[in-house]
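J.: Following the hints, position chain D against chain C.
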Amino acid sequence: MNSEFLHRLRRDPPPEFAARLQARLWQQPALARSRRPSLLRNLVAVLLLGGTAFAVTSFVISGLPASLMEWSQHAASRIAAQHASAPAFRPHSYGSRAMRPWSPPGSSSPGSNAPPGRPPHSAAPATNLPAADTTGTASNAAPGVSPNAASRTAAAAAAPQNRQITVVASWAAYPYIAPLADDFNHRGLASGTPGGLSVGISVRDSSQWPGSMCDGGANAPDMAYSFEPVGTVPHQPCPPPRAGSPRSIIAIPAGFEAVALARSPIYGAPDFTRREIFLALAKWVPDSRGQTVQENPNTTWRQIDSTLGPEPIEFLGPPLSSPAGHSMIELLLEGGCQTIPWIAALETADPARYDRICRTVRTDGIYVEVPWLAPSKLLSDPNAVGIFGLWSLKYIRMTDLSISRLDGVEPTAQAIESGAYLGSRGFFLYVNRTRTPPNLVFRFLLDDGWPRSAEAAFIPLSQSDLKAAMAEIRGP
Amino acid sequence: MSLHQATSGRWTAWDFARELDWDALYSDQLPRIYNYFRFRVGVDADAEDLSARTFEKAWRARARYRHDLSGFSTWLFTIAHNVATDFLRVRRPQVSLDAAPEMRADGTPEEDAERHSDLERLRALAARLSEREQELIALKYGASLDNRQIARLTQLTESNVGTILHRAVQVLRKQW
Numbered sequence: 001m002n003s004e005f006l007h008r009l010r011r012d013p014p015p016e017f018a019a020r021l022q023a024r025l026w027q028q029p030a031l032a033r034s035r036r037p038s039l040l041r042n043l044v045a046v047l048l049l050g051g052t053a054f055a056v057t058s059f060v061i062s063g064l065p066a067s068l069m070e071w072s073q074h075a076a077s078r079i080a081a082q083h084a085s086a087p088a089f090r091p092h093s094y095g096s097r098a099m100r101p102w103s104p105p106g107s108s109s110p111g112s113n114a115p116p117g118r119p120p121h122s123a124a125p126a127t128n129l130p131a132a133d134t135t136g137t138a139s140n141a142a143p144g145v146s147p148n149a150a151s152r153t154a155a156a157a158a159a160p161q162n163r164q165i166t167v168v169a170s171w172a173a174y175p176y177i178a179p180l181a182d183d184f185n186h187r188g189l190a191s192g193t194p195g196g197l198s199v200g201i202s203v204r205d206s207s208q209w210p211g212s213m214c215d216g217g218a219n220a221p222d223m224a225y226s227f228e229p230v231g232t233v234p235h236q237p238c239p240p241p242r243a244g245s246p247r248s249i250i251a252i253p254a255g256f257e258a259v260a261l262a263r264s265p266i267y268g269a270p271d272f273t274r275r276e277i278f279l280a281l282a283k284w285v286p287d288s289r290g291q292t293v294q295e296n297p298n299t300t301w302r303q304i305d306s307t308l309g310p311e312p313i314e315f316l317g318p319p320l321s322s323p324a325g326h327s328m329i330e331l332l333l334e335g336g337c338q339t340i341p342w343i344a345a346l347e348t349a350d351p352a353r354y355d356r357i358c359r360t361v362r363t364d365g366i367y368v369e370v371p372w373l374a375p376s377k378l379l380s381d382p383n384a385v386g387i388f389g390l391w392s393l394k395y396i397r398m399t400d401l402s403i404s405r406l407d408g409v410e411p412t413a414q415a416i417e418s419g420a421y422l423g424s425r426g427f428f429l430y431v432n433r434t435r436t437p438p439n440l441v442f443r444f445l446l447d448d449g450w451p452r453s454a455e456a457a458f459i460p461l462s463q464s465d466l467k468a469a470m471a472e473i474r475g476p
Numbered sequence: 001m002s003l004h005q006a007t008s009g010r011w012t013a014w015d016f017a018r019e020l021d022w023d024a025l026y027s028d029q030l031p032r033i034y035n036y037f038r039f040r041v042g043v044d045a046d047a048e049d050l051s052a053r054t055f056e057k058a059w060r061a062r063a064r065y066r067h068d069l070s071g072f073s074t075w076l077f078t079i080a081h082n083v084a085t086d087f088l089r090v091r092r093p094q095v096s097l098d099a100a101p102e103m104r105a106d107g108t109p110e111e112d113a114e115r116h117s118d119l120e121r122l123r124a125l126a127a128r129l130s131e132r133e134q135e136l137i138a139l140k141y142g143a144s145l146d147n148r149q150i151a152r153l154t155q156l157t158e159s160n161v162g163t164i165l166h167r168a169v170q171v172l173r174k175q176w
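Chains as they are written, first to last, in this note's numbering: chain C, 1 to 476; chain D, 1 to 176.
Isolated chain C (complex conformation):
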C-alpha cells in the first residue's frame, strides 16, 4: 500500500446523487451576510443591557406590583389581538404562463416542457397577496405638498397596519427575488423603514403587470422585476403625469443576464444564429408548406443549413425548469422564433400557438438536461453544444472550449452592455415611488453595500451607477 494506492480509492460521486443535490440547493435561500462587529453597536448593546439590569433591580427593590398576574394576562391578550389582526396568508397569484407545477430536473414528461414551470425555489413566508392599499396616492396629496412627499408620509402613517409590499416577478426572476423576500420577512426590513411592512411575491408574466402598476389600484404591485431587451427599455412604462408632478413609476437598471453556447475546440468556434438554434432545438418547426409546423425532423446541422456541416445535433443544457433553462428558452428559442415573421405575428394573434411553437424544446433526446454541465463533458463529446448561463461564462473562458458567436457576435462584456449580443437582456426593477419606502428599494439593490444582482450571477451595476439609481429612487 502506498500513496498511489490510497489515491486510487477515490471515486466520483454517483451522478444521480450529484444531480439531486444540485437541484435541492436551488431550493435553499441564501442567509443574509453577517454584519461586521461594530464598536458603537457593541457599546450601545452594553449600555442597554446595563440600563435594563438597573431598571429591573430598581423594580425589584421598590416592590413587585400588586397585580403581576393581571399584567401578564393583559400582555397575553394584547399578543392574541395582534395575531387576530394580522393579514391571513393566501396563495400565490399566477400568470397564465406560470401555472405549470415545477418538476425536478430530468423528470419532465414529453411535451410538457413548454413553457417551463415553477423554478425550484420556495419562499413560504412570502406567499401573501397584497393587503388592501392603505397608503394613499399622489392624487390625494394635500395642497401645497409634493405628491411624492405626501404619499410617503401617508405610507409611513399607514405602515403599522401590516401592509405588504407586493413585488411582481416572472419565473425567470423568481429565484432572484424569493430569497430576498425570505430575508426581509425573517430579519425585518431596512432601518428607516416604517414597521408593519412585509414583502410578498406575486409571480406573473411580464406582460401582465405594467398596466395594473400604472393604474395604482388596491392590487397594483409596488415593485416589479422584469427582463427587457437591451436598448428598447421602457423606462417610463406609464403615461406621463400631470405637468409639474413627479413620476411615480420609475425603472432602475439592476444588471444583465445572458446565455452562451460553447463546444469542444475540435471543430473551431461555432457561429450560430438564433434562427438556427431555434430550428435545431425546438419541438415544432415550420414545414415547407408555409404557415404550418411539423415535428422537428432536423438531426444534423446540415439539414438546417448546408454550410453548417454534417455533425449530428446534440445539446447539453440546463434543466428547463431552472432559471438558466427559462433564460435559454426566452433568449435563444423565442429569440430565434421571432426571426420568422409569421410565427412572430402569432404572439398577439394566437398566444397559445405562439407558446407552443416558440417555447417548446424538442423531447426526442437531442436536448439533454444537465444540472451541472462540466466542460469535460463537452470535451469528451465534440458534437455536443453546451448551453450555459452568464455565471458560467467566466469559467468557460478558462477552459479550452470554443465559445460560439451568436448572430455573428461574441458574448463579451461590451457586446452584452451594448445589446449587440442578442443572447442577453437587461434586468430591471420597476418601483412605485409613492408606495415604497426608498430604504426598502435600496435593500432590494444592495446587501451590505454589495449589489444583489452580483449574488444572483447577473452582471451588477457599478457603484457610481448605483448612486445615480438611488438618487432616482429618492426622487425630487
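Treat the hints loosely; a few may be bogus.
Partial list, computed: chain D residues near chain C (C-beta under 8 Å) [as the list claims (entries may be wrong)]:
id	residue
1	A52
2	F55
3	L119
It is worth saying that the hints were derived from the structure and are not from the lab. Since the structure is predicted, the reported quantities are computational estimates derived from the model, not experimental observations. The beta carbon of each residue, even a glycine, is placed where N, CA and C say it ideally should be.
T.: Just chain D, lined up with the frame of chain C:
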C-alpha cells in the same frame, strides 16, 4: 440614464468573489468533499449525506463567504470538517480510557476488514490512528488537497503535515 450609461464599467468594479461561479465550484468541489467523507466515515451512504449537508450549509451561507479571508476551498472544507466532527461525535461509541487498550487488541478489526472493500479495510485500520492523522489522510487522499492547502486548513506547518502523513501511511502499510 440609458442602460448602457448606467452599466458601463461594471465588470471591473466588483470583486471576483461576488461573481463566484457556483456551478463550476460545485462540479469541482463535490468529488473532493464526497471523497473526504468517504475516507472519514467509510460508508458511501453516509458520505453522500454529509456531502449534501456540507453543500447545503455552504449554499445557504454563501452570502457570508468572504473572499478576502480565505479561498473558497478552505472555507468549504472548514464547513465539511465541522460536519464530520458533529457526525463522528454522535456515532463514535464512548469508551472509557481503561477500556481503550482492549479495543486496540489485534485480531478482530483485521478479520472484519478482510471481508470488506479496500476502503472499509482502510477505515478499520485508520481508526487506530489519532483523530488528526485520520483527518490528514482524508484531506490528502480523499479530498486530494496538497500539503500546503492542508496546512492552511489545519493550522499546521507544511512540513509538519508531510511528516504526520508519512508516519501515518507507514503505520497503515505495516498493518495492511
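J.: A separate judgement is required for each hint: does it hold in the structure or not?
T.: Each hint, compared with the structure:
no.: 1; hint: A52; result: 5 Å, holds
no.: 2; hint: F55; result: 6 Å, holds
no.: 3; hint: L119; result: 5 Å, holds
Every hint, counting from the list given before, is met by this structure.
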